[in-house]
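Heads up: the sequence lines are chains S and P, in that order.
For the first sequence, position 32 (counting from the first letter as 1) is numbered 32 according to my numbering, and the numbering increases by one without interruption.
For the second sequence, position 60 (counting from the first letter as 1) is numbered 60 according to my numbering, and the numbering increases by one without interruption.
Among these hints, one or two may not hold up.
Heads up, simulated DSBU-like pairs for lysine-lysine below, C-alpha to C-alpha not over 35 Å straight-line [what the hints assert, rightly or not]:
{"id": "1", "chain 1": "P", "residue 1": "126", "chain 2": "S", "residue 2": "229"}
{"id": "2", "chain 1": "P", "residue 1": "148", "chain 2": "P", "residue 2": "126"}
{"id": "3", "chain 1": "S", "residue 1": "287", "chain 2": "S", "residue 2": "247"}
{"id": "4", "chain 1": "S", "residue 1": "287", "chain 2": "S", "residue 2": "251"}
{"id": "5", "chain 1": "S", "residue 1": "229", "chain 2": "P", "residue 2": "148"}
To be clear, the hints were calculated from the coordinates, so they are not data collected in a lab.
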Amino acid sequence: MDNLGLLADGLAAALTPMNLLYAAVGVLLGTFVGVLPGIGPAMAIALLLPVTFGLEPTQAFIMFAGLYYGGMYGGSTTSILLNTPGESASVMTALEGNLMARAGRGAQALATAAVGSFVAGTIGTLLVAMFAPALADVAVEIGAPSYFALMVLALVMTATVLGASPLRGLMSLFVGLTIGLVGLDLNTGQPRLTFGVTQLVDRLDIVVVAVGIFALGEALWVAAHLRRKPARVVPVGQPWLGRADLKRSWKPWLRGTAYGFPFGALPAGGAELPTFLSFVTERSLAKRGVAKRRADAKDEFGRGAIEGVAGPEAANNASAAGMLVPMLALGLPVTATASVMLSALQGYGIQPGPQLMTEHADMVWTLLASLLIGNLLLLVLNLPLAPLWARLLRIPRPQLYAGILFFACLGAYATNLDPFDIALLLVFGLLGMAMRRFGLPVLPLILGVILGPLMETKLREALTISGGDPAILWSEPLAIAIYAVLALVLLTRPLLSRWRSRTESRIVAEAEDPEDAETVTEGSAR
Amino acid sequence: MTAGQEPVQEQTPPPADGWVVVAWTPDEFGDAALEHAIAWAAEGAAAGGRGVAVVNGTRGDALVDERFAAPGGLADLAERLRGTGLPHVVRQEMGRDVAEQVLDVAAELSARLVVVGLRHRSPVGKLLMGSVAQRILLTAECPVLAVKPGERPA
Numbered sequence: 001m002d003n004l005g006l007l008a009d010g011l012a013a014a015l016t017p018m019n020l021l022y023a024a025v026g027v028l029l030g031t032f033v034g035v036l037p038g039i040g041p042a043m044a045i046a047l048l049l050p051v052t053f054g055l056e057p058t059q060a061f062i063m064f065a066g067l068y069y070g071g072m073y074g075g076s077t078t079s080i081l082l083n084t085p086g087e088s089a090s091v092m093t094a095l096e097g098n099l100m101a102r103a104g105r106g107a108q109a110l111a112t113a114a115v116g117s118f119v120a121g122t123i124g125t126l127l128v129a130m131f132a133p134a135l136a137d138v139a140v141e142i143g144a145p146s147y148f149a150l151m152v153l154a155l156v157m158t159a160t161v162l163g164a165s166p167l168r169g170l171m172s173l174f175v176g177l178t179i180g181l182v183g184l185d186l187n188t189g190q191p192r193l194t195f196g197v198t199q200l201v202d203r204l205d206i207v208v209v210a211v212g213i214f215a216l217g218e219a220l221w222v223a224a225h226l227r228r229k230p231a232r233v234v235p236v237g238q239p240w241l242g243r244a245d246l247k248r249s250w251k252p253w254l255r256g257t258a259y260g261f262p263f264g265a266l267p268a269g270g271a272e273l274p275t276f277l278s279f280v281t282e283r284s285l286a287k288r289g290v291a292k293r294r295a296d297a298k299d300e301f302g303r304g305a306i307e308g309v310a311g312p313e314a315a316n317n318a319s320a321a322g323m324l325v326p327m328l329a330l331g332l333p334v335t336a337t338a339s340v341m342l343s344a345l346q347g348y349g350i351q352p353g354p355q356l357m358t359e360h361a362d363m364v365w366t367l368l369a370s371l372l373i374g375n376l377l378l379l380v381l382n383l384p385l386a387p388l389w390a391r392l393l394r395i396p397r398p399q400l401y402a403g404i405l406f407f408a409c410l411g412a413y414a415t416n417l418d419p420f421d422i423a424l425l426l427v428f429g430l431l432g433m434a435m436r437r438f439g440l441p442v443l444p445l446i447l448g449v450i451l452g453p454l455m456e457t458k459l460r461e462a463l464t465i466s467g468g469d470p471a472i473l474w475s476e477p478l479a480i481a482i483y484a485v486l487a488l489v490l491l492t493r494p495l496l497s498r499w500r501s502r503t504e505s506r507i508v509a510e511a512e513d514p515e516d517a518e519t520v521t522e523g524s525a526r
Numbered sequence: 001m002t003a004g005q006e007p008v009q010e011q012t013p014p015p016a017d018g019w020v021v022v023a024w025t026p027d028e029f030g031d032a033a034l035e036h037a038i039a040w041a042a043e044g045a046a047a048g049g050r051g052v053a054v055v056n057g058t059r060g061d062a063l064v065d066e067r068f069a070a071p072g073g074l075a076d077l078a079e080r081l082r083g084t085g086l087p088h089v090v091r092q093e094m095g096r097d098v099a100e101q102v103l104d105v106a107a108e109l110s111a112r113l114v115v116v117g118l119r120h121r122s123p124v125g126k127l128l129m130g131s132v133a134q135r136i137l138l139t140a141e142c143p144v145l146a147v148k149p150g151e152r153p154a
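Construct the entire structure; sequences and hints are all you get.
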């Protein structure tokens, strides 16, 4: 295999002491931000962007890759120990994981999540190495109309299919697209939406927007809800897996990977749906397996089944790897983290898109190799460190967010050394807080800001070719196919969401009863 | 601001002075303080003292606060207090400052004594997080008894 040889070269390039150090820093930082709910890898990368402009792009990306995987892993720790999933992708892990922890099997839950993440991440990264170059070869041929259609697909899907409310998603998307318009029109040189402010002519810095929305918005939101009744953390020891647990886990890991990767690789896949599907599959398989042995026996789901942690966790990480395919091959990010990573790429003057694979091949292969290394580091570092990560949850919010605000302001100021950016940061912080208040998802906005200008370029390109005739937008077969897929998804969405909410409420209802019983026995035992 | 749990009251206390207020946490420091508080209250009961008021507070600004007792810990506490036969009140509070919560209860009940467990703090830890015991010692309007684990009441 040609690709494997290139990957081996990348591995050799990534295995320098300096790069390993950056990978380790990324992994540790990623787990740190992943463990703390509300602070995700997207925020961490946005905060680190200004810091990393002094680094080589390869090293920065090695660190970001570690952060990304680390954040995924850290989120599962919190879900299992606290039952407060930090992101929608960990909701399914929290269901059975927390029940396992309450039943005294927290160590096994953490271990199956860690090893499952490792397995899924490794397989996923290898699959990226297989598919991304092939896709990039095809993608170079894609014309402007089809490229435009792809971006429309990605944006509309993230806005409507993910999340609870399509209306809210679209609102957020259009706010993002509007923010993306601010500044000089790249084609005509006219200033747009600048309100006569000279600093705005230069276009908005993505660092300021991302840090404002993610970091400042979250900090203000937390400040408004500072005091909450402390949650109870389930005490847990060193994670380990017994032979029986391993035997029960490996199939869900592989099935979860099979669900997660394709969903992640689709433009606008997200990890919500594959984790959910994996959970439902494991649950019905467990039911069937038990029924085969004894008709009256009951499966462990609802009381802490290890399959219910292993499957969704693997799906989550496989989709995290899968999203690298559209990002590297097409320049299309589909998650908040990927979009911030993409803007980092632009910060280095590297144009994302199909040509990335050929023009910056060594960087891409080093990145993929460092993902493999980061994944291994995660496993090595996190299995022994799990009790330490749980202690992080005791950090008081004022101290934590003071640190975040410091880095946010420093980052916003450092990009242009202009106090105007700090004011802008505050504006976006208030916007971010308002979005959290009114339940608007952040992802469509960030994607809109980053993809908006790219999309406009492609649209203008297509229209220039056709002399202003919009019919060119559906002149290519690929574009028509993409619009057909989009229409199909939008039409089936109500059915899908109804099926999901019904199944979900049934799962929650089933899990409810033993949960209460557990609390009572715990109370009297102590 | 005393959001959070409703005060758990075993019996409605009559408005009177003579309560022993104890700043309690579910660990060895809280237990040492509680032990002394019970001893003082038992001694004072003969002379018209009221009983023990237990305050368990949190700032509620971290995701996890192990010094804020879980329902199980509260049940054990109530059992232990019932065993002493003294009148008792248990309160769980959430607010800006744990010391303030303790002193508010002390003022409300016109406490005759506040008992607090001392824990060793490094200067840096004190700088970052402050010291509840220190603030109680400096601002209480009644005598304060500060105890360490291992000291048994005479």
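Verification of the hints:
no.: 1; hint: P/126 x S/229; result: 23 Å, holds
no.: 2; hint: P/148 x P/126; result: 18 Å, holds
no.: 3; hint: S/287 x S/247; result: 17 Å, holds
no.: 4; hint: S/287 x S/251; result: 15 Å, holds
no.: 5; hint: S/229 x P/148; result: 28 Å, holds
When each numbered hint is compared with the structure, no violation occurs for any of them.
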